[in-house]
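K.L.:
For chain A, the structure is supplied; the task is to place chain B on it using the hints.
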Amino acid sequence: MAKPDTLLVDDEVPFVETMIKRLDKRGLNVISAHSGADALTQLDRHASVDTVILDVKMPGMDGLETLKEIKKRHPLKEVIMLTGHATVETAIEGMKLGAFDYLMKPCELDVLMAKVREAAKKKHDHDLKIEQARIDKLMLTRGY
Amino acid sequence: MIKDKYSKYYRSLSWNLILTAIAVSFTPLIMVIGVLLYQFNVSYQEKTQAHLSELVQKHAQNIDTFLTEKLANLRQTSVNNSIESLSNSEVLREKLQNLRSEYSNVFVDLGVVDDRGMQLAYAGPYELKNVTYADADWFKAALQLDMYISDVFTGLRGHPHFIVAVKKHESGRNILLRATIDFKAFNSLVQNLKIGKTGYAYILNRKGEFQTSPPLEYKASPTGYEFFWNAVAKTKNTFIITQRKDESGTENLYAVASLKDGQWLLIVKQQVKDAFSDLNRMQNIAVIIFIIGGIAILMMVYYTTRRMVRRIRRADKEKEFMNQQVIETGKMASIGELAAGIAHEINNPVAIMVEEAGWIGDLLEEEEFAQSSNLEEFNRALKQINTQGRRCKEITHKLLSFARKTDSTVKDVQLNEIITEIVGISSQMAKYNKVTIEMNLQPTLPYITISPSEMQQVLLNLINNALDAMEKTGGTIQISTKISEIEPGHIVIIIQDDGPGIPEANLARVFDPFFTTKPVGKGTGLGLSICYGIINKMGGKIDVQSASGQGARFRIWIPVQK
Chain A
1 MAKPDTLLVD
11 DEVPFVETMI
21 KRLDKRGLNV
31 ISAHSGADAL
41 TQLDRHASVD
51 TVILDVKMPG
61 MDGLETLKEI
71 KKRHPLKEVI
81 MLTGHATVET
91 AIEGMKLGAF
101 DYLMKPCELD
111 VLMAKVREAA
121 KKKHDHDLKI
131 EQARIDKLML
141 TRGY
Chain B
1 MIKDKYSKYY
11 RSLSWNLILT
21 AIAVSFTPLI
31 MVIGVLLYQF
41 NVSYQEKTQA
51 HLSELVQKHA
61 QNIDTFLTEK
71 LANLRQTSVN
81 NSIESLSNSE
91 VLREKLQNLR
101 SEYSNVFVDL
111 GVVDDRGMQL
121 AYAGPYELKN
131 VTYADADWFK
141 AALQLDMYIS
151 DVFTGLRGHP
161 HFIVAVKKHE
171 SGRNILLRAT
181 IDFKAFNSLV
191 QNLKIGKTGY
201 AYILNRKGEF
211 QTSPPLEYKA
221 SPTGYEFFWN
231 AVAKTKNTFI
241 ITQRKDESGT
251 ENLYAVASLK
261 DGQWLLIVKQ
271 QVKDAFSDLN
281 RMQNIAVIIF
291 IIGGIAILMM
301 VYYTTRRMVR
311 RIRRADKEKE
321 FMNQQVIETG
331 KMASIGELAA
341 GIAHEINNPV
351 AIMVEEAGWI
361 GDLLEEEEFA
371 QSSNLEEFNR
381 ALKQINTQGR
391 RCKEITHKLL
401 SFARKTDSTV
411 KDVQLNEIIT
421 EIVGISSQMA
431 KYNKVTIEMN
441 LQPTLPYITI
451 SPSEMQQVLL
461 NLINNALDAM
471 EKTGGTIQIS
481 TKISEIEPGH
491 IVIIIQDDGP
501 GIPEANLARV
511 FDPFFTTKPV
521 GKGTGLGLSI
531 CYGIINKMGG
541 KIDVQSASGQ
551 GARFRIWIPV
561 QK
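Residue numbers (my numbering), protein chains in the order written: chain A, 1 to 144; chain B, 1 to 562.
Pulled out of the complex, with its shape left as it was, chain A reads as follows (with noise of 0.2 Å):
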């Protein structure tokens, strides 16, 4: 199995497993968690996920909480906030901790698949700039 670049984090089970389906058809390698707490783990566990898509209305741990969470931890990882309802407030809230972007629940899936596409791209080019800045510290210390 590939390793996993997507994580779908929802308690609603029956609307992740539906989402999996629909998204791994599309190509994305996604896993799923239906808690904040679960999501830390599952990000814990596979570091390859890039992009997290992330429910705000949970119970337990809110979707505002799992960010501010998730960007302590794993600070290059990007997040897409799926809002039941779209209120201004909690999306501007979401950017300002650093949320890739938010959508309204139900969204069009082309719509998320480009979204994703969208973060998955700004994470590999961090990544490749992260990368870069290491191998030009390597070869100044080289002394090539």
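Keep in mind that the hints were calculated from the coordinates and are not lab data. Heads up, some of the hints might be wrong.
In silico EDC-like pairs for lysine to aspartate or glutamate, Cα to Cα no more than 20 Å straight-line [what the hints assert, rightly or not]: (1) B:LYS482 - B:ASP412; (2) A:LYS21 - B:GLU368; (3) B:LYS383 - A:GLU108; (4) A:LYS68 - A:ASP101; (5) A:LYS25 - B:GLU356; (6) A:LYS21 - B:GLU367; (7) A:LYS21 - B:GLU366; (8) A:LYS25 - B:ASP362; (9) A:LYS21 - B:GLU356; (10) A:LYS21 - B:GLU365; (11) A:LYS57 - B:GLU345; (12) A:LYS21 - B:ASP362; (13) A:LYS25 - B:GLU367; (14) A:LYS57 - B:GLU394; (15) A:LYS25 - B:GLU366; (16) A:LYS25 - B:GLU368; (17) A:LYS25 - B:GLU365; (18) B:LYS411 - A:GLU93; (19) A:LYS57 - B:GLU337; (20) A:LYS71 - A:ASP101; (21) B:LYS383 - A:ASP110; (22) B:LYS537 - B:ASP512.
Stretches of chain B that chain A covers, calculated by requiring three or more beta carbons in the stretch to come under 8 Å of a beta carbon on chain A [as the list claims (entries may be wrong)]: (23) 341-350; (24) 353-367.
Chain A side only, calculated, beta carbon under 10 Å to chain B, not exhaustive [what the hints assert, rightly or not]: (25) ASP11; (26) PRO14; (27) THR18; (28) MET19; (29) ARG22; (30) LYS105; (31) CYS107.
Please read all numbers here as calculations on a predicted model, not as lab measurements. The beta-carbon is built from N, C-alpha and C at its ideal position, and this holds for glycine as well.
P.N.:
For chain B alone, coordinates are given in the frame of chain A:
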């Protein structure tokens, strides 16, 4: 309805206030007037009595002096002359002449009576020589004493007089030198004593006979004269002052002094009403002041109490309205929360359904289904599910965005946006009622600082009212906004329907709280009054123009802040 329920309470409140105010203001008034009047009464009575007693005592003294003087005159004549010479009528006439010239014509005649009562000599206007007085009371009394003054009597001559007699003892025989005193001269001593309008004086002897000409109302002795004698005897004073009723039942003030070694009484009588006329006038003035003051106080108390109770009543009514408004707002807020909760709960299943449909769509793209004859139909059905899911989403989003805003925090808002949003919410309902909502919004309205949720509440209320009014007939609601031409610096929102309108009788009351024409349980009668309250709070104005059958036109002016 409210009025009737509480009018009893307000009536008792009024009465409490009135009675308290009356008690508080009348008590000092009565006390002051009472105390002053009592003090005045006491001192005035004292003064009157002192004046009267002084007068009476002085007169009594005068009369006593007069009598003793006359006695002394006679005694001098008797001492200075021998019985021999006195028995001579010529000499006696000379003596009478002397006395009369010296003491104004008080002495009427002179006579010398021997101890058997025979008048030996006489000088005077009557022919009384050799008259015998042996049986006369005065003679019997005078014989026992050295000096004697008789009571007034009519005697032989037929008109009142009294006798002054002096006993002379010479060489074993006794004679009496007697003189008659002119009654008029004596009477004038008393008659001149007039006090006030009703005060006069008279003298009584021990039998209660008048010793001076009796006052008009008396023919015989005044009844109850014994009282004065007893009083004088009892107190052992020569003077008393008392107040009692006379024969006619009038209350009188009596000042009584004893005269002539306690044989006569000088009585001054004055009607109490006359004696204390100043006091009565004073009392009348006090009563008038009391009555006028009392009426003034009563009127003031009544007037101020009514005003106060009216004010309290208004305040209570306002309070009740406020309470209702708070309850209503609270209800709106909780309905909002409930709606938000439900909308969110519905959102998730809808999202799942849409996703499942999407998944079926994904699967249909697989080649094995490409040949299916019903592929087209499947796709159409899925598309329909998608469309309806989206519609659900729209509805819940509208509900959420409405519910979210039921708070009164003010923001800078574009009025047209709020109106568009509310019309969006209401359009479904309007469609069922066959009502179309037309908007004619001026696009360049300035931003205004108001609470958007309150504005929404107002608009929703007005639109719902219009929809309710046109429930059966259908029609058009026109909503327009523009910069007001009538009210400078205001935006005006006009909401006009072509429904049945508001009857003229109700037009003035539509903004009153609890006024409703809807059946019981359908309307609280608070909708428009809350609108009125909200618009008022924003510093704006709301009014309505309507006539039966011609629709209703609500206008709202909102001030634009500079």
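K.L.:
Hint by hint, say whether it matches the structure.
P.N.:
Consistency of the hints with the structure:
| no. | hint | verdict |
| --- | --- | --- |
| 1 | B:LYS482 - B:ASP412 | holds (17 Å) |
| 2 | A:LYS21 - B:GLU368 | holds (18 Å) |
| 3 | B:LYS383 - A:GLU108 | holds (12 Å) |
| 4 | A:LYS68 - A:ASP101 | holds (15 Å) |
| 5 | A:LYS25 - B:GLU356 | holds (14 Å) |
| 6 | A:LYS21 - B:GLU367 | holds (18 Å) |
| 7 | A:LYS21 - B:GLU366 | holds (14 Å) |
| 8 | A:LYS25 - B:ASP362 | holds (8 Å) |
| 9 | A:LYS21 - B:GLU356 | holds (10 Å) |
| 10 | A:LYS21 - B:GLU365 | holds (14 Å) |
| 11 | A:LYS57 - B:GLU345 | holds (11 Å) |
| 12 | A:LYS21 - B:ASP362 | holds (9 Å) |
| 13 | A:LYS25 - B:GLU367 | holds (14 Å) |
| 14 | A:LYS57 - B:GLU394 | holds (19 Å) |
| 15 | A:LYS25 - B:GLU366 | holds (11 Å) |
| 16 | A:LYS25 - B:GLU368 | holds (16 Å) |
| 17 | A:LYS25 - B:GLU365 | holds (11 Å) |
| 18 | B:LYS411 - A:GLU93 | holds (19 Å) |
| 19 | A:LYS57 - B:GLU337 | holds (16 Å) |
| 20 | A:LYS71 - A:ASP101 | holds (14 Å) |
| 21 | B:LYS383 - A:ASP110 | holds (15 Å) |
| 22 | B:LYS537 - B:ASP512 | holds (16 Å) |
| 23 | 341-350 | holds (count 5) |
| 24 | 353-367 | holds (count 6) |
| 25 | ASP11 | holds (9 Å) |
| 26 | PRO14 | holds (5 Å) |
| 27 | THR18 | holds (4 Å) |
| 28 | MET19 | holds (6 Å) |
| 29 | ARG22 | holds (5 Å) |
| 30 | LYS105 | holds (5 Å) |
| 31 | CYS107 | holds (8 Å) |
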